[in-house]
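Turn these sequences into a full structure, and let the hints guide you.
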Amino acid sequence: MGRAKSPLSPHLQIYKPQLTSVLSITHRGTGVLLALALLLLPYWLLSIAAGPEAYAALLNHFSAWYGKLLLLGLMFSVYYHLCNGIRHLGWDLGRGLDLATTYLTGYIVVFLSVLLTFATCLWMRLS
Amino acid sequence: MNLTTPLARVRGLGSAKHGTEHFWQQRVTAILLAPLCLWLVISLLGLDLQDYGEVVVWLRTPVNTLLLLTLVVAACHHGQLGVQVVIEDYIHDDWQKVTSLIMVKFLAILAGLASILAILRVFLG
Chain L
1 MGRAKSPLSP HLQIYKPQLT SVLSITHRGT GVLLALALLL LPYWLLSIAA GPEAYAALLN
61 HFSAWYGKLL LLGLMFSVYY HLCNGIRHLG WDLGRGLDLA TTYLTGYIVV FLSVLLTFAT
121 CLWMRLS
Chain Z
128 MNLTTPLARV RGLGSAKHGT EHFWQQRVTA ILLAPLCLWL VISLLGLDLQ DYGEVVVWLR
188 TPVNTLLLLT LVVAACHHGQ LGVQVVIEDY IHDDWQKVTS LIMVKFLAIL AGLASILAIL
248 RVFLG
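Top line first, the protein sequences correspond to chains L and Z.
Just so you know, we're using the numbering used here here: the first sequence kicks off at 1 and counts up by one.
Just so you know, we're using the numbering used here here: the second sequence kicks off at 128 and counts up by one.
To be clear, the hints were calculated from the coordinates, so they are not data collected in a lab.
Misleading hints may appear alongside valid ones.
Claimed, not checked - Calculated cross-link-like contacts (lysine-lysine; reagent style DSBU-like; alpha-carbon spacing at most 35 angstroms):
id: 1; chain 1: L; residue 1: K16; chain 2: Z; residue 2: K224
id: 2; chain 1: L; residue 1: K16; chain 2: L; residue 2: K68
id: 3; chain 1: L; residue 1: K5; chain 2: Z; residue 2: K224
id: 4; chain 1: Z; residue 1: K224; chain 2: L; residue 2: K68
id: 5; chain 1: Z; residue 1: K232; chain 2: Z; residue 2: K144
id: 6; chain 1: L; residue 1: K5; chain 2: L; residue 2: K16
id: 7; chain 1: L; residue 1: K68; chain 2: Z; residue 2: K232
Note that the coordinates shown come from a computational prediction; the quantities given were computed from them, not determined experimentally.
The structure is reproduced here in structure tokens:
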């Protein structure tokens, strides 16, 4: 038979990455990252509830390099997942499903999420 | 007309009549979360997060308390639904799959309740 050795569709190893597939997996990746961030949300809120000392300890973590890196990742994830999520809701309404529009909205999502992340960093630096 | 296969009928399996529920809840929470996330980001960017007093005053304002509570509930539900799909797609061993699904549900409830507790403590305290 030799069936066990034949490659399984869609055989990701030889697929050329396309904008559509890369954006799709990024939506998933940012979603998982945001779900993990939901475990940090109570940490932020509980330290506010616990008082100024606990809050200062949290600020220390978020001003360290790993905290800043995490914030940057979360910021991009929020913007990307939000923009691409709206794209998905459009598809659910049956809009923008043709190839040209899919690529156009895809590029818009990338542009917007990078722009918003950049603008937020700039804003935080200035204020 | 009965559309169940004979094997499924013997096993007592079949449609649970909840086929679209997961999909629908994910969309409804998404529609809720889109404006709520924008609100949270804009609010936080307008605050001096280094200033404890300012953050507490913001969190205590009733409209902020209410919106943040809504966001926490919607986000935990949406996150659980999303991670569930990822687990179902990539984990094929039944034991591992069911264990992870239950753990994710448990963590989502725990994170949601802890957040609600903290928000209410600040609001009432």
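Hint by hint, here is what the structure shows:
1. L:K16 / Z:K224: At roughly 30 angstroms apart (the allowed maximum being 35 angstroms), K224 of chain Z and K16 of chain L satisfy the hint.
2. L:K16 / L:K68: Distance ~33 angstroms between K16 of chain L and K68 of chain L Cα, so the pair holds.
3. L:K5 / Z:K224: Status holds; Cα separation ~26 angstroms.
4. Z:K224 / L:K68: OK: K224 of chain Z and K68 of chain L at ~33 angstroms, within 35 angstroms.
5. Z:K232 / Z:K144: 21 angstroms, holds
6. L:K5 / L:K16: Distance of about 22 angstroms is within 35 angstroms: holds.
7. L:K68 / Z:K232: 29 angstroms, holds
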